[in-house]
Amino acid sequence: MSSTPVGSRLPESESSSARPVPRLSLRENLVGLKDMRRDQLAFLVRSVETHGDIFHMRLGGLPTVMINHPDHLQHVLVDHHQNYDKDNFLYRATRTVLREGLIANKGGESWRTHRKLMQPSFHRSSVAGFTTNISDLTAELLRAWEPDADAGTPVEVTADVADLALKIVLRALFGVDAAERGRQFERDFLEVNAIAGKFFRFPFPPLSWYSPSRNRLRALIRNMDAFIAYLISARMEHRSDKPDLFTLLLNSLDEETGTGLTHEQLTSEILAMIIAGYETSSNSISWIFYQLAAHPDIQRRVQEEVDGVLDGRVPTFDDLPNLSYTRRVIDETLRLFTPAWQTMRHAVDEDVIDGYRIPKGTDVYLNLFTFHRHPEFWPDPTRFDPERFTPEEVAKRPRGVYQPFGSGPRYCLGKQFALTELHIITVMLAQAFHVTRPPGQPPVGFAPLITLHPKGGIRLRLQRR
Numbered sequence: 216m217s218s219t220p221v222g223s224r225l226p227e228s229e230s231s232s233a234r235p236v237p238r239l240s241l242r243e244n245l246v247g248l249k250d251m252r253r254d255q256l257a258f259l260v261r262s263v264e265t266h267g268d269i270f271h272m273r274l275g276g277l278p279t280v281m282i283n284h285p286d287h288l289q290h291v292l293v294d295h296h297q298n299y300d301k302d303n304f305l306y307r308a309t310r311t312v313l314r315e316g317l318i319a320n321k322g323g324e325s326w327r328t329h330r331k332l333m334q335p336s337f338h339r340s341s342v343a344g345f346t347t348n349i350s351d352l353t354a355e356l357l358r359a360w361e362p363d364a365d366a367g368t369p370v371e372v373t374a375d376v377a378d379l380a381l382k383i384v385l386r387a388l389f390g391v392d393a394a395e396r397g398r399q400f401e402r403d404f405l406e407v408n409a410i411a412g413k414f415f416r417f418p419f420p421p422l423s424w425y426s427p428s429r430n431r432l433r434a435l436i437r438n439m440d441a442f443i444a445y446l447i448s449a450r451m452e453h454r455s456d457k458p459d460l461f462t463l464l465l466n467s468l469d470e471e472t473g474t475g476l477t478h479e480q481l482t483s484e485i486l487a488m489i490i491a492g493y494e495t496s497s498n499s500i501s502w503i504f505y506q507l508a509a510h511p512d513i514q515r516r517v518q519e520e521v522d523g524v525l526d527g528r529v530p531t532f533d534d535l536p537n538l539s540y541t542r543r544v545i546d547e548t549l550r551l552f553t554p555a556w557q558t559m560r561h562a563v564d565e566d567v568i569d570g571y572r573i574p575k576g577t578d579v580y581l582n583l584f585t586f587h588r589h590p591e592f593w594p595d596p597t598r599f600d601p602e603r604f605t606p607e608e609v610a611k612r613p614r615g616v617y618q619p620f621g622s623g624p625r626y627c628l629g630k631q632f633a634l635t636e637l638h639i640i641t642v643m644l645a646q647a648f649h650v651t652r653p654p655g656q657p658p659v660g661f662a663p664l665i666t667l668h669p670k671g672g673i674r675l676r677l678q679r680r
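Quick note, the sequence shown lines up with residues 216 to 680 if you use our numbering.
It is possible that part of the hints are untrue.
[Claimed, not checked] Under the rule of at most 25 Å between Cα atoms (straight-line distance), these lysine to any residue pairs were calculated in the SDA-like manner:
#1 Lys670 <-> Asp546
#2 Lys321 <-> Leu277
#3 Lys301 <-> Thr279
#4 Lys301 <-> His478
#5 Lys321 <-> Thr558
#6 Lys331 <-> Asp600
#7 Lys670 <-> Phe599
#8 Lys301 <-> Val236
#9 Lys670 <-> Asp254
#10 Lys611 <-> Gly623
#11 Lys611 <-> Phe584
#12 Lys331 <-> Cys627
#13 Lys670 <-> Asn408
#14 Lys670 <-> Ser428
#15 Lys575 <-> Gly397
#16 Lys630 <-> Trp593
#17 Lys670 <-> His478
#18 Lys670 <-> Thr558
#19 Lys575 <-> Pro278
#20 Lys331 <-> Ser341
#21 Lys575 <-> Gly323
#22 Lys630 <-> Asp564
#23 Lys630 <-> Gly615
#24 Lys331 <-> Ile447
#25 Lys301 <-> Lys670
#26 Lys321 <-> Asp564
[Stated by the list, open to error] Pair by pair, the computed Cβ-Cβ distance ranges are:
#27 Pro511 <-> Asp294: 41 to 51 Å
#28 Arg327 <-> Pro594: 35 to 45 Å
#29 Gly323 <-> Arg528: 43 to 53 Å
#30 Arg398 <-> Arg612: 16 to 26 Å
#31 Ser340 <-> Pro278: 40 to 50 Å
#32 Arg431 <-> Lys321: 20 to 30 Å
Hints were generated in silico from the structure; no laboratory data involved.
All of these numbers come straight from a predicted model, not from anything done at the bench.
Glycine included, each C-beta is placed from N, C-alpha and C at the ideal position.
Work out the full structure, taking the sequences as your base and the hints as a guide.
Here's what the structure looks like:
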């Protein structure tokens, strides 16, 4: 690392001493384009191993600076976040689906207004009120699995927990169930995810714009918009004082202007929350279950903790701090299988990161898959080890080395909701079943789409406890 202080911009008089970011050669970029389409994650891992923590590459043909050190992320996401917005190809593609909702919003006053309006919906007290919905719906799924467990039939974990996560979000948002329409929404979004995943691996704007997939994508987005319109209409017809997210959003008036979200903004934000809430959580739950099945000793410790704390009763929000080993399992899963595994920023003005010049207009790529496997901070980084998250081990690491929910002003608003959901579901699974991998099942690989999916899904065998 350079001696130049990271996270503080160089004075103008010193800017000329900044070095250009090391570049991949033409051959490396051409080979990389092919490798990126074949195995995106393997290409990124190999690039970091070869070129280090900061280098210039053509990501899918577009000039990009990739950063992979905590100091670099601290600089971009926290210390100089005002200079890095989301006006880049990754989020332009995302805005095709989410428009100017909070997740994909470029930044500036529009983003600040939306963030301020939505913040109260995710306060700790609000999240605590949703835990009964989470436990009730989880109990329904666990009961539905009992016949398969008794028959020794593997269950389709990925599909089933996707249904569960969507039901949780819909009930928390609207206080309603929309089972059949919800399943169609899932199918539509899975197809959107696949199309978007191809775009991220091959983001040539002139070619991707005229791709035959473009018309299909528009049709799928219309379907999802219609689903959101149905939910809003249904809820507006049956107004309620129940403390769900929809009510909280409607009540989140801007005190300065006295206005809330417009109908279009409300639609965009609800769509973004549904997608972020069910898509990221369902994948995380699948990976947690898979790791428990792959590590019987860890699963046994979770079960012992759960039995000791709860003695068979349903977990509450107040129980979660006492289930600390289970939380460490969740944290380690989010490290290795970070759902929102990539993000990107656009340099509004020229900057300097760790002594390297970042020209105005540069797209800066942050890949959390390699970041959370950085050997300087994570010994034996691919090994699944919840002990990395004991208070003693956490205290040894510098800040910013672990950020599955991002950091800085644009960290994930739904962090508390997601962690609460994952914690309750994992605890209730441990109470009900012992999970194992079916005999002869090969290891599950990665499908790096918008989020990090288990390739081909996860199937597990359940045994009642």
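Structure-based check of all given hints:
As the CA atoms of Lys670 and Asp546 are separated by approximately 21 Å, the hinted pair is consistent with the 25 Å bound. Restraint check: the Cα-Cα separation between Lys321 and Leu277 comes to about 19 Å, which is no more than 25 Å; the hinted pair holds. A hinted pair counts as satisfied when its Cα atoms are at most 25 Å apart, and Lys301 with Thr279 qualifies at roughly 14 Å. With a C-alpha separation of about 23 Å, the suggested pairing of Lys301 with His478 holds against the 25 Å cut-off.
Distance check on the hinted pair: Lys321 and Thr558 sit about 13 Å apart at the alpha-carbon level, within 25 Å; holds. Proximity of Lys331 to Asp600 is assessed by CA-CA distance (about 37 Å); at most 25 Å being required, the pair is judged violated. Of the supplied pair hints, the one linking Lys670 and Phe599 holds, its CA atoms being roughly 19 Å apart against a limit of 25 Å. Taken as a hint, the Lys301 and Val236 pair is honoured in the structure, with Cα atoms around 21 Å apart against an allowance of 25 Å.
For the hint linking Lys670 to Asp254, the alpha-carbon distance of about 12 Å falls within 25 Å, and the restraint holds. Our distance criterion of 25 Å between C-alpha atoms is met by Lys611 and Gly623, whose separation comes to about 21 Å. Distance hint between Lys611 and Phe584 is fulfilled; the C-alpha atoms sit about 21 Å from each other, no more than 25 Å. In summary, the hint linking Lys331 to Cys627 is supported, as the alpha carbons are separated by about 13 Å, within the 25 Å threshold.
Among the hinted pairs, Lys670 with Asn408 is consistent with the structure: their alpha-carbon atoms are about 13 Å apart, no more than 25 Å. Between Lys670 and Ser428 the alpha-carbon distance is near 21 Å, which keeps this suggested pair within the 25 Å criterion. Taken as a hint, the Lys575 and Gly397 pair is broken in the structure, with Cα atoms around 43 Å apart against an allowance of 25 Å. Taking the CA atoms of Lys630 and Trp593, the gap is about 23 Å. The hint holds against a cut of 25 Å.
Taking the CA atoms of Lys670 and His478, the gap is about 37 Å. The hint is violated against a cut of 25 Å. Restraint check for Lys670 and Thr558: the C-alpha separation of about 21 Å stays at or below 25 Å, so the hint holds. With a C-alpha separation of about 13 Å, the suggested pair Lys575 and Pro278 falls inside the 25 Å cut-off, and the hint holds. Restraint check for Lys331 and Ser341: the C-alpha separation of about 16 Å stays at or below 25 Å, so the hint holds.
For the given pair, Lys575 sits about 17 Å from Gly323 by alpha-carbon distance, which is consistent with the 25 Å threshold. Taking the CA atoms of Lys630 and Asp564, the gap is about 30 Å. The hint is violated against a cut of 25 Å. For the hint linking Lys630 to Gly615, the alpha-carbon distance of about 16 Å falls within 25 Å, and the restraint holds. At roughly 21 Å between alpha-carbon atoms, Lys331 and Ile447 fall within 25 Å of each other, so this suggested pair holds.
Distance hint between Lys301 and Lys670 is unfulfilled; the C-alpha atoms sit about 28 Å from each other, more than 25 Å. Taking the CA atoms of Lys321 and Asp564, the gap is about 15 Å. The hint holds against a cut of 25 Å. Range check, Pro511 to Asp294: Cβ separation about 44 Å, and the 41 to 51 Å hint holds. One distance hint, 35 to 45 Å for the beta-carbon pair Arg327 and Pro594, holds here, with the actual separation near 40 Å.
At roughly 48 Å, the beta-carbon separation of Gly323 and Arg528 lies within the given 43 to 53 Å, and the hint holds. Arg398 and Arg612 have their C-beta atoms about 42 Å apart, which leaves the hinted 16 to 26 Å range violated. Taken as a hint, the range 40 to 50 Å holds for the pair Ser340 and Pro278, whose Cβ atoms sit roughly 46 Å apart. One distance hint, 20 to 30 Å for the beta-carbon pair Arg431 and Lys321, holds here, with the actual separation near 26 Å.
Taken one by one, the earlier hints fail for this structure at numbers 6, 15, 17, 22, 25, 30, listed in ascending order.
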